[in-house]
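Spelled out, the chains give:
There are 2 protein chains.
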Amino acid sequence: MFDRVFVNAVGADGQPLNLAVRDGRFASISSLGAAHPETGAAEIVDLQGHLVLPGFVDGHIHLDKSFLGDRWRPHRVAATLRERLADEKAALASAAPIAQRADALLRQAASFGTIAMRSHVDVDATTGLTHLHAVMEAREKWRGIIDIELVAFPQAGVVSCPGTADVLDAAAQEGVDVVGGIDPTTLDGDADGQLDIVFGIAQKRGVKIDIHLHEAGEQGIEQLHRIAARTRAAGLEGRVSVSHAYALGDVDADAVARIADALAAAGVSIMTNAPGDRAFPPILRLRAAGVRVFSGNDNIQDAWWPYGNGDMLQRAMLLGYRSGFYTDQELLVALDMATEAGAAVIGKRDYGLKVGNEASFVIVKAPNAAAAVAAAPAERVIVRSGQFWGESGESGESGNTPRTKFETAPAASGQRG
Amino acid sequence: MFDRVFVNAVGADGQPLNLAVRDGRFASISSLGAAHPETGAAEIVDLQGHLVLPGFVDGHIHLDKSFLGDRWRPHRVAATLRERLADEKAALASAAPIAQRADALLRQAASFGTIAMRSHVDVDATTGLTHLHAVMEAREKWRGIIDIELVAFPQAGVVSCPGTADVLDAAAQEGVDVVGGIDPTTLDGDADGQLDIVFGIAQKRGVKIDIHLHEAGEQGIEQLHRIAARTRAAGLEGRVSVSHAYALGDVDADAVARIADALAAAGVSIMTNAPGDRAFPPILRLRAAGVRVFSGNDNIQDAWWPYGNGDMLQRAMLLGYRSGFYTDQELLVALDMATEAGAAVIGKRDYGLKVGNEASFVIVKAPNAAAAVAAAPAERVIVRSGQFWGESGESGESGNTPRTKFETAPAASGQRG
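Read top to bottom, the protein sequences are chains A and B. So for the first sequence, UniProt numbering puts the first residue at 1; every next one is plus one. So for the second sequence, UniProt numbering puts the first residue at 1; every next one is plus one.
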């Protein structure tokens, strides 16, 4: 006896699918056209031919930075990085509290179907752990809806921003899962100095590493080789990510091939959000070499840029649009980066549409997964652990009630089986 | 006495706005916080602080090509342009009738707020005017909701595809508004030959010109100079557009400056859809030189690529994302390309939020126009000539009923004033 069977869905390949749930987990996933008559279900829900996808994983977001949920703040032009950082500090100081803004962003991400994310959170000697504590407060509120992995992110640099090393270590002691870094050469002017600190904390505290790397061209490639070598030396294979890694989009195919082999051998994964106006990592080449490539929304309506809405399906569309992904197989690569690849990096357990896993999924109006990526229809219905999000009344404290059905379908019929 | 006053809206700048309508036109647009008590209105509608934008203009679409409304067709890789053209012909021959697919796309575009478009339609010696007649049938059905300007588009070439010149001329006699062209040098191998035909028809039949130009680098720039010179020689200033003009993204600033001056002097406008994976025209530089730059969705889920949804607000977001537009002023440029600039190219009369104009607008959940471009929220409510789309029952024959309110707002209160 199942608690509930979702019938008349279609899977990623567009074929019919029934999903049976017991105790919040998938008890059976079959291509049969009807519920298992021999088993029965307390309730049958007709998904009316809509697509089911695994919940989305946002592998790179900044929950403390977004102004979403606050008033609109026009983008200000900054002449230098230091000017941008100062401007951001001032803007955040006059904005609504971090926990409140993070809550608004989490609500929006959840409404698009995100069920797990890795959030970078600014830490430095002046900010200390204040951002971290605020984001932890928001995380607590969303427990059970979105799993959130936290990165202590030294936005202003490590070596060049005295005291930050200690704060990174304190963050690791307070329970962040990942220690961050940023542009060791161009921001700190001391690549080995920053990497000594970051890798040192990772080894001492048992946390993972995720380094923002905007360094371009050959300089960025050298840094990637340095990070790969340190990863192997530290025995941290599979626990190190580099975000952005723009340099991979700047160099020729031979240079990409060499660094891709080094990254694959070290188990260093690459995160790209497919920036709009500069070159970025060649996704298919990296994957062919065995590098895990995942994605995230990165900045969302913050001091850095005005774009972003928290939707990882639209992000998958942008990845494909920017990468020239046209075939179904290529579109599915973009989807993988917004689902399975990110889940593996975060280490989310029991993830995906497989028997035994958490029965969480997203219902989309599309005939198959490739079509869903190409069109990225905004309307979604979310199921967490077998229940429609909003069904049991859990919806956070403010804002809209999450939807349990599409405007024109599908209906939870409540028929007894 | 007004027929209806929409109160509590905000305009592009985020300031409060009331819009009074009489006989389907704006009778008053004011920043007052309440309806004009001295004038009165038969009905007051509270827009609850949502943004109003002018209806969107899609300046480049192919209504005969999209598979939207038909089954999903995975993209097929083609080794050559001729192979792609043959593949497309075969795919279209086995697809649902053109009028039916065009209808589905028009419905979706209308639901996003498009009120005018320029559609290219394939014509050649074998296809004749069959596509054109089918699209004209769909156009008739949508009269009053979407104004559609038609371009006879020689997809397979002009000189190199014998008989096409006669078909282009026949299309002009049958009432298309624009004669098209395509890659005069690389596709036809005879730039002057193709341009003689295209400009000849424009002069003889009094139609406008819109040439697809994918030619790259210096070759494409030369072609633009040729088109600008012919435009002036023919006295067709303001009536010629070049779509894509990728070459403008390939050359240095000096070369752009020279051709931009020539285009501005000839009144030749440029259409870009902001392609995802190649360089494209530098929008701000062209505008600074006085060139009109507009946008369109171009291909939507067809044999050429799987992307696109018909939404011009999302297109504006993509224009900005690809162009590095971050400030409010830049975001408004992207919006202009999806509204005013396209309306000017198409020659849509009585367009825009001004007294005396057709009272058509789009209601969006955003605090101002820049924010609407950056986030491109999918949910819209459409007002045509003072009436909510769907209000009077007009919704075409199939599919969803157009919405007259947001799920959580705004309500047409029906209060008597």
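It should be emphasised that the hints constitute simulated quantities derived from the structure, not laboratory data. Be a bit skeptical, because a hint or two may be false.
All copies of an identical chain are treated as equivalent in the list; a pair is satisfied when it fits inside any one copy or across any two copies.
Claimed, not checked - Mimicking DSSO-like on lysine-lysine, the simulated pairs with C-alpha atoms at most 30 angstroms apart in a straight line are:
(1) Lys354 - Lys89
(2) Lys405 - Lys204
(3) Lys89 - Lys365
(4) Lys354 - Lys204
(5) Lys365 - Lys405
(6) Lys141 - Lys89
(7) Lys141 - Lys348
(8) Lys405 - Lys89
(9) Lys89 - Lys348
(10) Lys204 - Lys365
(11) Lys354 - Lys141
(12) Lys405 - Lys354
(13) Lys348 - Lys204
Evaluate Lys89 and Lys348 at a C-alpha cut-off of 30 angstroms and name the case that applies: within, between, both or neither. neither (32 angstroms within a copy, 46 angstroms between copies)
Reference check for the pair Lys348 and Lys204, CA-CA at most 30 angstroms: within, between, both, or neither? Within one copy only: 23 angstroms inside a chain, 67 angstroms across chains, cut-off 30 angstroms.
Go through the copies and call it for Lys354 and Lys204: within, between, both or neither, with a Cα cutoff of 30 angstroms. Classified as neither: same-chain Cα gap 36 angstroms, cross-chain 66 angstroms, threshold 30 angstroms.
Homo-oligomer pair classification [Lys204, Lys405; C-alpha up to 30 angstroms]: For Lys405 and Lys204, the Cα distance exceeds 30 angstroms both inside one copy (48 angstroms) and across copies (56 angstroms).
Taking 30 angstroms as the upper bound on the Cα-Cα distance, should Lys204 and Lys365 be classified as within, between, both, or neither? Close neither inside one copy (47 angstroms) nor across copies (48 angstroms); limit 30 angstroms.
30 angstroms Cα cut-off: does Lys365 pair with Lys405 within a copy, between copies, both or neither? So Lys365 and Lys405 pass the 30 angstroms test inside a copy (11 angstroms) and across (21 angstroms) alike.
Using 30 angstroms as the alpha carbon limit, work out where Lys89 and Lys365 are close: within a copy, between copies, both or neither. For Lys89 and Lys365, the Cα distance is within 30 angstroms only across copies (28 angstroms; inside one copy 41 angstroms).
30 angstroms Cα cut-off: does Lys405 pair with Lys89 within a copy, between copies, both or neither? neither (41 angstroms within a copy, 39 angstroms between copies)
Within a copy, between copies, both or neither: where do Lys141 and Lys89 come within 30 angstroms Cα-Cα? Within. Shortest intra-copy distance 25 angstroms satisfies the 30 angstroms Cα cut-off; inter-copy 55 angstroms does not.
Classify it for me, Lys354 with Lys141: is the Cα-Cα distance of at most 30 angstroms met within a copy, between copies, both or neither? within (28 angstroms within a copy, 47 angstroms between copies)
Can you give me the call for Lys405 and Lys354, within, between, both or neither, at a CA distance of at most 30 angstroms? Cα proximity of Lys405 and Lys354: one copy only (23 angstroms, versus 39 angstroms across).
For the identical chains here, do Lys141 and Lys348 meet the 30 angstroms Cα criterion within one copy, between copies, both, or neither? within (19 angstroms within a copy, 51 angstroms between copies)
The earlier numbered hints that this structure contradicts are 1, 2, 4, 8, 9, 10.
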